[in-house]
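Participant: Take a look at the letters that make up each chain.
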Amino acid sequence: MTLELFLQHLANGISLGSLYALIAIGYTMVYGILRLINFAHGDIFMMAVYFAFFGFVTFGMPWYVSFIVAIALTGILGITVETLAYRPIREAPRISILISSIGASYLLENLAIVIFGGRPKTFPQIAMFTDMVQIGNVHIQKLSFLIPVITLALLFVLMYLINKTKSGMAMRAVSKDFETAKIMGVDVNRTISFTFGLGSLLAAVGGIMWGLKFPSILPLMGVMPGIKCFIAAVIGGIGNTMGAVIGGFILGIGEILLVAFLPALSGYRDAFSFILLILILLFKPTGIMGEKISEKV
Amino acid sequence: MKKNTIYTIAAIFILFILVFIANNTLDSYILRILNLCAIYTVLGLSMNLINGFTGLFSLGHAGFMAVGAYVTALLTMPVAVKQMNFFLKPIIPFLENIVWPFLPSLIFAGIISAIIAFLVGAPVLRLKGDYLAIATLGFGEIIRVVFTNTQSITNGALGLKSIPTTTNLWWSFGTAVFTIFIMVSLINSSYGRAFKSIREDEVAAESMGISLFKHKVLSFAIGAFFAGIGGGLLGNLIGAIDPLMFRFTMTYNILLIIVLGGMGSVTGTVISAFIVTISQEVLRFLDEAMIPGVPALPGLRMVVFSILLMAVVLFFRHGLMGTREFSWDKLRIFLKKPLAKGGNK
Amino acid sequence: MMNVLKTDNITMQFGGLTAVKEFNLELNKGEIVALIGPNGAGKTTAFNMITGVYTPTKGKVLLNKKVTVEEKETYEQKDITGLRPDQITGLGIARTFQNIRLFKDLSVLDNVLIANHLRIKSNVFEAIFKLPRYKREEKQIVEKSMSLLENVGLAEHKDEKSSSLPYGQQRRLEIARALATDPQILLLDEPAAGMNPKESDDLTVFIKKIRDEFDLTVFLIEHHMQVVMGISDRIYVLDYGVTIAKGNPYEIQNNQRVIEAYLGVDEDA
Numbered sequence: 000m001t002l003e004l005f006l007q008h009l010a011n012g013i014s015l016g017s018l019y020a021l022i023a024i025g026y027t028m029v030y031g032i033l034r035l036i037n038f039a040h041g042d043i044f045m046m047a048v049y050f051a052f053f054g055f056v057t058f059g060m061p062w063y064v065s066f067i068v069a070i071a072l073t074g075i076l077g078i079t080v081e082t083l084a085y086r087p088i089r090e091a092p093r094i095s096i097l098i099s100s101i102g103a104s105y106l107l108e109n110l111a112i113v114i115f116g117g118r119p120k121t122f123p124q125i126a127m128f129t130d131m132v133q134i135g136n137v138h139i140q141k142l143s144f145l146i147p148v149i150t151l152a153l154l155f156v157l158m159y160l161i162n163k164t165k166s167g168m169a170m171r172a173v174s175k176d177f178e179t180a181k182i183m184g185v186d187v188n189r190t191i192s193f194t195f196g197l198g199s200l201l202a203a204v205g206g207i208m209w210g211l212k213f214p215s216i217l218p219l220m221g222v223m224p225g226i227k228c229f230i231a232a233v234i235g236g237i238g239n240t241m242g243a244v245i246g247g248f249i250l251g252i253g254e255i256l257l258v259a260f261l262p263a264l265s266g267y268r269d270a271f272s273f274i275l276l277i278l279i280l281l282f283k284p285t286g287i288m289g290e291k292i293s294e295k296v
Numbered sequence: 000m001k002k003n004t005i006y007t008i009a010a011i012f013i014l015f016i017l018v019f020i021a022n023n024t025l026d027s028y029i030l031r032i033l034n035l036c037a038i039y040t041v042l043g044l045s046m047n048l049i050n051g052f053t054g055l056f057s058l059g060h061a062g063f064m065a066v067g068a069y070v071t072a073l074l075t076m077p078v079a080v081k082q083m084n085f086f087l088k089p090i091i092p093f094l095e096n097i098v099w100p101f102l103p104s105l106i107f108a109g110i111i112s113a114i115i116a117f118l119v120g121a122p123v124l125r126l127k128g129d130y131l132a133i134a135t136l137g138f139g140e141i142i143r144v145v146f147t148n149t150q151s152i153t154n155g156a157l158g159l160k161s162i163p164t165t166t167n168l169w170w171s172f173g174t175a176v177f178t179i180f181i182m183v184s185l186i187n188s189s190y191g192r193a194f195k196s197i198r199e200d201e202v203a204a205e206s207m208g209i210s211l212f213k214h215k216v217l218s219f220a221i222g223a224f225f226a227g228i229g230g231g232l233l234g235n236l237i238g239a240i241d242p243l244m245f246r247f248t249m250t251y252n253i254l255l256i257i258v259l260g261g262m263g264s265v266t267g268t269v270i271s272a273f274i275v276t277i278s279q280e281v282l283r284f285l286d287e288a289m290i291p292g293v294p295a296l297p298g299l300r301m302v303v304f305s306i307l308l309m310a311v312v313l314f315f316r317h318g319l320m321g322t323r324e325f326s327w328d329k330l331r332i333f334l335k336k337p338l339a340k341g342g343n344k
Numbered sequence: 000m001m002n003v004l005k006t007d008n009i010t011m012q013f014g015g016l017t018a019v020k021e022f023n024l025e026l027n028k029g030e031i032v033a034l035i036g037p038n039g040a041g042k043t044t045a046f047n048m049i050t051g052v053y054t055p056t057k058g059k060v061l062l063n064k065k066v067t068v069e070e071k072e073t074y075e076q077k078d079i080t081g082l083r084p085d086q087i088t089g090l091g092i093a094r095t096f097q098n099i100r101l102f103k104d105l106s107v108l109d110n111v112l113i114a115n116h117l118r119i120k121s122n123v124f125e126a127i128f129k130l131p132r133y134k135r136e137e138k139q140i141v142e143k144s145m146s147l148l149e150n151v152g153l154a155e156h157k158d159e160k161s162s163s164l165p166y167g168q169q170r171r172l173e174i175a176r177a178l179a180t181d182p183q184i185l186l187l188d189e190p191a192a193g194m195n196p197k198e199s200d201d202l203t204v205f206i207k208k209i210r211d212e213f214d215l216t217v218f219l220i221e222h223h224m225q226v227v228m229g230i231s232d233r234i235y236v237l238d239y240g241v242t243i244a245k246g247n248p249y250e251i252q253n254n255q256r257v258i259e260a261y262l263g264v265d266e267d268a
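Chains as they are written, first to last, in numbering that gives the first Met the number 0: chain A, 0 to 296; chain B, 0 to 344; chain C, 0 to 268.
Keep in mind that the hints are not guaranteed to be accurate.
Keeping only pairs whose Cα atoms sit at most 35 Å apart, straight-line, the calculated DSBU-like set for lysine-lysine is [as the list claims (entries may be wrong)]: (1) C:120 - A:175; (2) C:120 - C:143; (3) B:2 - C:129; (4) B:213 - C:129; (5) C:77 - C:59; (6) B:1 - C:59.
DEER-style ranges, computed between Cβ atoms [to be verified]: (7) B:239 - A:118: 17 to 27 Å; (8) A:79 - C:152: 34 to 44 Å; (9) C:159 - B:5: 26 to 36 Å; (10) B:314 - C:152: 31 to 41 Å; (11) B:127 - A:181: 20 to 30 Å; (12) A:155 - C:258: 50 to 60 Å.
Chain C is faced by these chain B residues, among others (derived, beta-carbon under 8 Å) [as the list claims (entries may be wrong)]: (13) 193; (14) 196; (15) 280; (16) 316; (17) 317.
Just so you know, these hints were derived from the structure itself, not from any lab.
Yeah, the Cβ is synthetic: ideal placement off N, Cα and C, and Gly gets one too.
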């Protein structure tokens, strides 16, 4: 393993970690507010990629326009899913909500197969992002710098939103205590929609950068990342935004390093996340940043 | 002997006659569908025991099916077929020369699945709700990934082909009937009540002396046993299996069946397994070109099913039967009703 | 006075909050002992520590269990601190819940039958294939459960969904269910909650009756002072997790600290 190769792998790991982090945030925010695993989140991420693809390829919009439109559409999609699949059954038993979540995910996947076709498409390669730069002996894609930078910038904005704005405070209130927030005059429905929208927007940005980095896109491309990012959120402490980011990076960097150092085990790269998950659930179920919640009997 | 027992025996007798006739008259396409109906009945009941009756969010069912399918296939495949399959990397010698008849293979497959369930369940069943769901999903995937990478045992991603197609209507319906009896007997026993109490209120159940861990693992293992047998029947029906068959999609299909039928009902699962399997075939036309000039929309069938599942979850949460069950008494009451209302019969 | 249960300075801390501090309880055979105190005083937490729902942060719970050794009945002390609830129930301590935790979707009879499960010796195979030992045991527990239901006057509702019963009957069902576990000690968490004076009187009579009939020791949490004073041999008073008084009803009624803690709250006034 040469230094150049290692740095390449590290860069990949950081990029992957950033992408996982962006998607994981959506999971953790929704779980924090509704105690719900949004199985459809990975598919919303997938939709963003396709939206961007169609904007650019079919409608011929310049990339910055198609990206912005895709991100906006994805945000709206996220809010729509909440309104149709989760809001009507908010009071139902947990298992019904879980099944609805799985159902929504499945529906989006099958719709994508029907509308976009099952065969892989190639996401546009935009020179500004996908060109390589050379630093010494190391060749790294411009994207590998852009992804972490954009991710960090978004995180900054997100932290500001959550901690310094009224909407953010509403989000935090609802996730601490649903009923009390309602009584205190917080528009719970609006807050929940906002949360879903925000998570979806972040996933959309992640999706577009994912498409640039891994140009082969498929309707089921959101399944694995979706599960892995939920795992990342759990590892970091579900409900905790910082935790989701940490979890995302652990998973992303870990996965790449596994493949790099143990190429014989690369077939197990997907299993890596699951094994980490099981370990965390067994030894520290509240995650790295999580707090223990006791049930009142 | 009680009247109801006589009715049940008579019904089974009639069923066997029907199976005999069907086997000898129907064409293979319809036979295949009927076999699938029966197999999905077994699979549905196995998952319903865990998710519906005990209330555990288990999403790893496909993993147990995979274990069952592979064990059965490897045990029933003749030596020559095995050698043909394992061309990339030879099968481990221990497995190469073992060839068993169908019944012991199925039972062994079920037992292995149950053992795996016990090993998985021991750490994982301590988790609650959503965490259990994700953990079991994770294990299902881990099993699948392991199967994809153990070239010399499972033939990896290539899968197994030319599995002896020993499953026929007698096997599938016979197993289905057996499974129904076991499930009904279990559910109505003290252990079945213990499972239901865990679903209703874990804290109260524990305080009434029910060991949560012991009973959750028990339910999990019994469910896995039947899932393994179902998987074995499936593999030896289709004749070919590979790890991709046992993705989460498979678990999802069975989840669809038990939700539609009513998660607390054996009757519901049986009816639903038939309805869903048959509909999925009947609705295949949705995937083809319907209106001349309009191109085919492959995948439309699954979209329809997804919408169906959403509709049931949103509007008919209790599915077809809720927690109600069939019984001869209820049938009698139902049939008597129009006559009792002052009819002139 | 034969001691059946003793707690040794049990303390429950949740992070920085001490819900119960150094609680020392003594229950003697056949007694009816009450635990009172303002809301949030830690009473249910004390219950939960005894029944295994919580493990005390400090201290011990000691059960004096009746055992039969060589055909003689003696008592054996057992440290039950930190055992699981099902284990503790198996040892003879049963409870009801403040917010009634019946198995809502299951029938009245099923609720009681379930509480018999822990005493069943047959394994799951015997149960599935209806082997003779299981059939015998099933018959016994059905008879026992029906007789318990008759005792509480619910036998005619045996096939109804338990959640369809009126509130007062649900409380009685919960008690019948707890009795089905063959307890030596019965813990009742606010059994009179939501009852009018007549119902409370009936409950008082009922508790004494089952205490005698089933040879129990009863420990109850209650806010209805009428019930507490009418039924208890001894009373413990908790306030903010601390035991501020203990004694017989007369002593407690005249205890200044108790009166202050409560500000004279009497539910039936």
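Participant: Determine for every hint whether it applies to the structure shown.
Facilitator: How the hints compare with the structure:
1. C:120 - A:175: Violated. Residue 120 of chain C to residue 175 of chain A sits at ~46 Å, over the 35 Å cutoff.
2. C:120 - C:143: holds, 16 Å
3. B:2 - C:129: holds, 19 Å
4. B:213 - C:129: With a Cα-Cα distance of about 21 Å, the restraint between residue 213 of chain B and residue 129 of chain C holds, given a limit of 35 Å.
5. C:77 - C:59: Holds - the C-alpha atoms of residue 59 of chain C and residue 77 of chain C are around 10 Å apart, at most 35 Å.
6. B:1 - C:59: violated, 55 Å
7. B:239 - A:118: 17 to 27 Å: holds, 23 Å
8. A:79 - C:152: 34 to 44 Å: Since the Cβ atoms of residue 79 of chain A and residue 152 of chain C sit about 54 Å apart, the hinted range of 34 to 44 Å is violated.
9. C:159 - B:5: 26 to 36 Å: holds, 30 Å
10. B:314 - C:152: 31 to 41 Å: holds, 40 Å
11. B:127 - A:181: 20 to 30 Å: This hint holds: roughly 25 Å between Cβ atoms.
12. A:155 - C:258: 50 to 60 Å: holds, 58 Å
13. 193: Holds - the Cβ of residue 193 of chain B comes within 8 Å of chain C, reaching about 5 Å at its closest.
14. 196: holds, 5 Å
15. 280: violated, 34 Å
16. 316: violated, 13 Å
17. 317: violated, 11 Å
Of the hints listed earlier, those the structure fails to meet are numbers 1, 6, 8, 15, 16, 17, in rising order.
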